Amino acid sequence: MNHFEFDQTEKRKNEHIDICLTEEVEGKGLSTGLERYRFKHNPLPEIDYKDVDLSTTFLNKKIATPFLISSMTGGTNRAWEINQRLAKAAERHGWALGVGSMRAAIQESRSVYSFEVRKHAPSIPILANIGAVQLNYGFTIEECKRAIDLIQADALLLHLNPLQEVFQPEGDTNFKDLVAKIKKVAKEIPVPLGIKEVGMGIDSDSAKRLIDAGAHFIDVAGAGGTSWIQVESYRSHQKMRRQAAEAFQGWGNSTADCLIDVRKHHSDVPIIASGGLKNGVDAAKTIALGADVAGFGRALLENAVDDSEQALSDQLERIEFELRTAMFGIGASSISELNYHHALRIT
Numbered sequence: 432m433n434h435f436e437f438d439q440t441e442k443r444k445n446e447h448i449d450i451c452l453t454e455e456v457e458g459k460g461l462s463t464g465l466e467r468y469r470f471k472h473n474p475l476p477e478i479d480y481k482d483v484d485l486s487t488t489f490l491n492k493k494i495a496t497p498f499l500i501s502s503m504t505g506g507t508n509r510a511w512e513i514n515q516r517l518a519k520a521a522e523r524h525g526w527a528l529g530v531g532s533m534r535a536a537i538q539e540s541r542s543v544y545s546f547e548v549r550k551h552a553p554s555i556p557i558l559a560n561i562g563a564v565q566l567n568y569g570f571t572i573e574e575c576k577r578a579i580d581l582i583q584a585d586a587l588l589l590h591l592n593p594l595q596e597v598f599q600p601e602g603d604t605n606f607k608d609l610v611a612k613i614k615k616v617a618k619e620i621p622v623p624l625g626i627k628e629v630g631m632g633i634d635s636d637s638a639k640r641l642i643d644a645g646a647h648f649i650d651v652a653g654a655g656g657t658s659w660i661q662v663e664s665y666r667s668h669q670k671m672r673r674q675a676a677e678a679f680q681g682w683g684n685s686t687a688d689c690l691i692d693v694r695k696h697h698s699d700v701p702i703i704a705s706g707g708l709k710n711g712v713d714a715a716k717t718i719a720l721g722a723d724v725a726g727f728g729r730a731l732l733e734n735a736v737d738d739s740e741q742a743l744s745d746q747l748e749r750i751e752f753e754l755r756t757a758m759f760g761i762g763a764s765s766i767s768e769l770n771y772h773h774a775l776r777i778t
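In the numbering used here, the protein residues as written are 432 to 778.
FYI, nobody ran anything at the bench for these hints, they're computed from the structure. Just so we're clear, the structure is a prediction, and the values are computed from it rather than from any experiment. Some clues are possibly wrong.
What the hints assert, rightly or not - Here are the simulated lysine-lysine pairs, DSS-like style, with alpha carbons at most 25 angstroms apart:
#, residue 1, residue 2
1, Lys618, Lys576
2, Lys612, Lys576
3, Lys550, Lys519
4, Lys459, Lys670
5, Lys618, Lys639
6, Lys614, Lys695
7, Lys614, Lys639
8, Lys459, Lys471
9, Lys709, Lys519
10, Lys444, Lys709
11, Lys444, Lys618
12, Lys444, Lys614
As the list claims (entries may be wrong) - Across the chosen pairs, the derived CB separations fall in these ranges:
#, residue 1, residue 2, range
13, Thr453, Ala611, 39 to 45 angstroms
14, Lys670, Arg509, 26 to 32 angstroms
15, Asn710, Gly681, 19 to 25 angstroms
Backbone N, C-alpha and C define an ideal beta-carbon position, used for all residues, glycine too.
Can you make the complete structure from the sequences, with help from the hints?
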């Protein structure tokens, strides 16, 4: 990566942060689908609130909560500050942590520092992250292994973002024959491979192709939260693309629909439910619908850019409190008891 390309990448990453903080980037006419479900209150839970246990196992590590800080950023000094705060908070609270796309770190050593989260989070699961499309733009198994090694990751995420790439001014849009390359990555890397969308959702048919190719887990990353089509439209200088983005404001498969669909057809595959989750009750619903882990992204960003680490820690504590209280309210004392809980009803 030459100096100009490095500067442009930094500019893009910082613009993404600013847009997500200041602009309306959720699609219109879309929701997570979780509002269609509600728990039936249990007035006699027959458990002690203090005995409600949020701990679970993810990527062969026991963690204090069934939560993931979803992949967000990296590649700039500002992103480094955000990632430090996220890592420290995740370690303190026992959340898993995903980093943003590591393409910049692979291509330019000057970016590596912004992804170095392991020193702040020595015990939790950490997920490296590369765009799957980069396998069609020169990335090989060696680049995948380097991403894992750089942050001592417990897993590698390959993210799928075809429509973001179409609307991104610098987008890479050759998604041809990726399944075969994903299969090779899954076979040759030393850690589990996960696949995630970036907010448009993964359905069961797509999940089957990915699982058959060797994916160990799926992050459905459904619609209802950040739309990266809308994010990129704010960056575009082409009037046509900005106007076209309006036609895609309702594009994507909702988080709830993706979760139910994938779980129905793939009962044994670990699933992360992310995409528009705002609180611990949302998380409780996803676990009751079959998720193993609930992912939070942009909902945490505002506090992650705050100079005070306490604000972020307080937010994570509140989400944990909300999940624990929801579990108490239906009489579930563990995550395994919450999973597929009969108290979740369609409204």
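Each hint, compared with the structure:
1. Lys618 - Lys576: holds (12 angstroms)
2. Lys612 - Lys576: Distance ~14 angstroms between Lys612 and Lys576 Cα, so the pair holds.
3. Lys550 - Lys519: Distance ~9 angstroms between Lys550 and Lys519 Cα, so the pair holds.
4. Lys459 - Lys670: Distance of about 20 angstroms is within 25 angstroms: holds.
5. Lys618 - Lys639: Holds, at roughly 17 angstroms.
6. Lys614 - Lys695: Between Lys614 and Lys695 the Cα gap is close to 23 angstroms, so the pair holds against 25 angstroms.
7. Lys614 - Lys639: holds (13 angstroms)
8. Lys459 - Lys471: violated (29 angstroms)
9. Lys709 - Lys519: With a Cα-Cα distance of about 20 angstroms, the restraint between Lys709 and Lys519 holds, given a limit of 25 angstroms.
10. Lys444 - Lys709: Cα-Cα ~23 angstroms, so holds.
11. Lys444 - Lys618: violated (31 angstroms)
12. Lys444 - Lys614: violated (29 angstroms)
13. Thr453 - Ala611: 39 to 45 angstroms: For Thr453 and Ala611 the Cβ distance comes to about 41 angstroms; the hint holds.
14. Lys670 - Arg509: 26 to 32 angstroms: holds (29 angstroms)
15. Asn710 - Gly681: 19 to 25 angstroms: 24 angstroms Cβ-Cβ, so the 19 to 25 angstroms window holds.
Of the numbered hints given earlier, the model fails hints 8, 11, 12; all others are met.
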